[in-house]
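Here are the chains, one letter per residue:
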Amino acid sequence: MTAPAIHRSFTIERTYPTTAKRVFRAFVVPAKKRRGFAEGEGFGVDSYTLDFQVGGFERTRFRFGDGPPMTTDCVYLDIIDNERITFAYSMTIGGAPLSASLGTMEISSVAGGTLLRFTEHTAFLDGTDSSAGRREGSLGLFEALARELEQHD
Amino acid sequence: MLQHSSLDSVFQALADPTRRAIVERLAAGSASVTELAEPFDMTLSAIGQHIRLLEDSGVVRSQKSGRTRTVVLAPDALAAAERWFSQHRARWERRLDRLGDLLAADDDDIDQPKKSRRKS
Numbered sequence: 001m002t003a004p005a006i007h008r009s010f011t012i013e014r015t016y017p018t019t020a021k022r023v024f025r026a027f028v029v030p031a032k033k034r035r036g037f038a039e040g041e042g043f044g045v046d047s048y049t050l051d052f053q054v055g056g057f058e059r060t061r062f063r064f065g066d067g068p069p070m071t072t073d074c075v076y077l078d079i080i081d082n083e084r085i086t087f088a089y090s091m092t093i094g095g096a097p098l099s100a101s102l103g104t105m106e107i108s109s110v111a112g113g114t115l116l117r118f119t120e121h122t123a124f125l126d127g128t129d130s131s132a133g134r135r136e137g138s139l140g141l142f143e144a145l146a147r148e149l150e151q152h153d
Numbered sequence: 001m002l003q004h005s006s007l008d009s010v011f012q013a014l015a016d017p018t019r020r021a022i023v024e025r026l027a028a029g030s031a032s033v034t035e036l037a038e039p040f041d042m043t044l045s046a047i048g049q050h051i052r053l054l055e056d057s058g059v060v061r062s063q064k065s066g067r068t069r070t071v072v073l074a075p076d077a078l079a080a081a082e083r084w085f086s087q088h089r090a091r092w093e094r095r096l097d098r099l100g101d102l103l104a105a106d107d108d109d110i111d112q113p114k115k116s117r118r119k120s
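One line per chain: the protein sequences are W and F, in this order. Using the numbering used here, read the first sequence as starting at 1 and increasing by one per residue. Using the numbering used here, read the second sequence as starting at 1 and increasing by one per residue.
Incorrect hints may appear among the rest.
[Said to hold, decoys possible] Here are a few chain W residues that face chain F, going by a calculated C-beta distance under 7 Å:
hint, residue
1, Ile6
2, Phe10
3, Ile12
4, Arg14
5, Tyr16
6, Thr18
7, Ala31
8, Lys33
9, Gly36
10, Phe37
11, Phe124
[Said to hold, decoys possible] Using 16 Å as the maximum straight-line C-alpha spacing, the simulated EDC-like pairs for lysine to aspartate or glutamate come out as follows:
hint, chain 1, residue 1, chain 2, residue 2
12, W, Lys32, F, Asp106
13, F, Lys64, F, Glu35
14, W, Lys32, F, Asp97
15, W, Lys33, F, Asp106
16, W, Lys21, F, Glu35
17, W, Lys32, F, Asp107
18, W, Lys21, W, Asp73
19, W, Lys21, W, Glu39
20, W, Lys21, W, Asp81
21, W, Lys33, F, Asp101
22, W, Lys21, W, Glu106
23, W, Lys21, F, Asp108
24, W, Lys33, F, Asp108
25, W, Lys21, F, Asp107
26, W, Lys33, W, Asp73
27, W, Lys33, F, Glu35
28, W, Lys32, F, Asp101
29, W, Lys32, F, Asp108
30, W, Lys32, W, Asp51
No wet-lab data here; the hints were simulated from the structure. All C-beta atoms, glycine included, are put in the ideal place defined by N, C-alpha and C.
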């Protein structure tokens with residue numbers, strides 16, 4: 001029996017001292033998108049493709065150091081130039097499902113430049129019985145019980 | 001709180017030294033019912049009852065394969081997921097920070113009026 005998916009949402013905002021057009025462009029140009037979003041500390045990007053249009057995919061194949069291979073596959077659901085990008089993406093690790101997400105990037109002009117608001121709803125799918133999970137399981141149980149007991153002292 | 005289990009049933013599950021010992025043993029890895037019964041001076045069926053109680057409260061899961069029943073500690077799925085979510089969100093925070101650095105360094109003259117735009 002597969003563990004149930006766990007769902008969360010979050011919103012992150014940044015204000016950049018530049019135009020909405022430039023911010024949007026970072027999502028359009030593959031080299032810019034890759035540099036800003038696919039690459040990062042400790043990552044090795046094995047392949048990256050971007051087809052920025054409704055129904056088009058952005059596909060990344062990467063790893064952390066010599067860890068298991070990971071994939072991100074993102075499809076664009078709606079694009080309003082310089083204003084809003086709506087997309088859905090799934091991630092795998094070692095060939096197994098890790099997560100599935102729905103997101104929007106909203107771009108608007110504000111005092112000081114451009115506001116970027118990123119909202120995501122995420123389903124965490126990796127309910128595997130890893131050994132780390134087992135150790136956390138037993139520790140978590142006792143800790144949780146200890147917390148409950150403290151509350152009722 | 002703890003997923004799959006109500007707190008009361010977990011309390012009851014762990015309010016017994018044999019069951020606590022079984023849970024500790026399972027933290028080191030899965031085991032068959034026979035292996036779990038090893039350290040105790042009781043019948044397999046008595047151990048089986050303890051395991052059933054642990055299973056009913058969601059603390060362990062078991063699976064029968066042929067004649068062997070293997071028992072495994074149900075991981076605290078919620079804690080692992082919460083950790084992953086914070087890492088996931090942190091990665092996005094760093095990406096948006098990196099975007100800020102790239103935009104600051106960007107020398108694309110896309111915003112220049114056409115008249116003064118240099119041809120590259």
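Verification of the hints:
The interface hint given for Ile6(W) is met, as the beta carbon of that residue sits about 4 Å from the closest beta carbon of chain F, less than 7 Å. Of the supplied interface hints, the one on Phe10(W) holds, with its beta-carbon coming within about 5 Å of a beta-carbon of chain F, less than 7 Å. Interface restraint check: Ile12(W) against chain F, minimum CB-CB distance 6 Å, threshold 7 Å, status holds. Evaluation of the Arg14(W) hint against chain F yields a held restraint, the C-beta minimum of about 5 Å falling below 7 Å.
At a threshold of 7 Å, the smallest CB-CB gap from Tyr16(W) to chain F is about 5 Å, leaving the interface hint in force. Taking 7 Å as the C-beta cut-off, the interface hint given for Thr18(W) holds, the closest approach to chain F being about 5 Å. Checking Ala31(W) against chain F: minimum C-beta separation of about 10 Å lies over 7 Å; hint violated. At its closest, the beta carbon of Lys33(W) sits 10 Å from a beta carbon of chain F; the interface hint therefore is violated under the 7 Å criterion.
Because the smallest distance between the Cβ of Gly36(W) and any Cβ of chain F comes to about 5 Å, under 7 Å, the interface hint for this residue holds. Nearest Cβ of chain F to the Cβ of Phe37(W): about 5 Å, under the 7 Å cut. The hint holds. The interface hint given for Phe124(W) holds, since its Cβ lies 5 Å from the closest Cβ of chain F, which is under the 7 Å cut-off. For the hint pairing Lys32(W) with Asp106(F), the CA-to-CA distance comes to about 10 Å; that is within 16 Å, so the pair holds.
Between the alpha carbons of Lys64(F) and Glu35(F) the distance comes to roughly 14 Å, so the proposed pair stays at or under 16 Å and holds. A threshold of 16 Å between alpha carbons decides the hint, and for Lys32(W) with Asp97(F) the separation of about 14 Å falls inside it, so the pair holds. With a C-alpha separation of about 13 Å, the suggested pair Lys33(W) and Asp106(F) falls inside the 16 Å cut-off, and the hint holds. Restraint check for Lys21(W) and Glu35(F): not satisfied, since their Cα atoms lie roughly 66 Å apart, outside the 16 Å limit.
With a CA separation close to 12 Å, the supplied pair Lys32(W) and Asp107(F) stays within the 16 Å bound. For the suggested pair Lys21(W) and Asp73(W), the alpha carbons sit about 25 Å apart, so the restraint of at most 16 Å is broken. Restraint check: the Cα-Cα separation between Lys21(W) and Glu39(W) comes to about 22 Å, which exceeds 16 Å; the hinted pair is violated. For a cut-off of 16 Å, the pair hint linking Lys21(W) to Asp81(W) stands: about 8 Å separates their Cα positions.
A hinted pair counts as satisfied when its Cα atoms are at most 16 Å apart, and Lys33(W) with Asp101(F) qualifies at roughly 13 Å. With a C-alpha separation of about 12 Å, the suggested pair Lys21(W) and Glu106(W) falls inside the 16 Å cut-off, and the hint holds. Restraint check: the Cα-Cα separation between Lys21(W) and Asp108(F) comes to about 11 Å, which is no more than 16 Å; the hinted pair holds. The straight-line distance between the Cα atoms of Lys33(W) and Asp108(F) is roughly 14 Å, inside the 16 Å bound, and the hint therefore holds.
With a C-alpha separation of about 14 Å, the suggested pair Lys21(W) and Asp107(F) falls inside the 16 Å cut-off, and the hint holds. Using a Cα cut-off of 16 Å, the hinted pair Lys33(W) and Asp73(W) holds, with the two alpha carbons roughly 14 Å apart. Our distance criterion of 16 Å between C-alpha atoms is broken by Lys33(W) and Glu35(F), whose separation comes to about 54 Å. Between Lys32(W) and Asp101(F) the CA atoms are separated by roughly 12 Å; this keeps the pair inside 16 Å, and the hint holds.
Of the pairs offered as hints, the one joining Lys32(W) and Asp108(F) holds, with about 11 Å between alpha carbons and a cut-off of 16 Å not exceeded. Between the alpha carbons of Lys32(W) and Asp51(W) the distance comes to roughly 13 Å, so the proposed pair stays at or under 16 Å and holds.
Taken one by one, the earlier hints fail for this structure at numbers 7, 8, 16, 18, 19 and 27, listed in ascending order.
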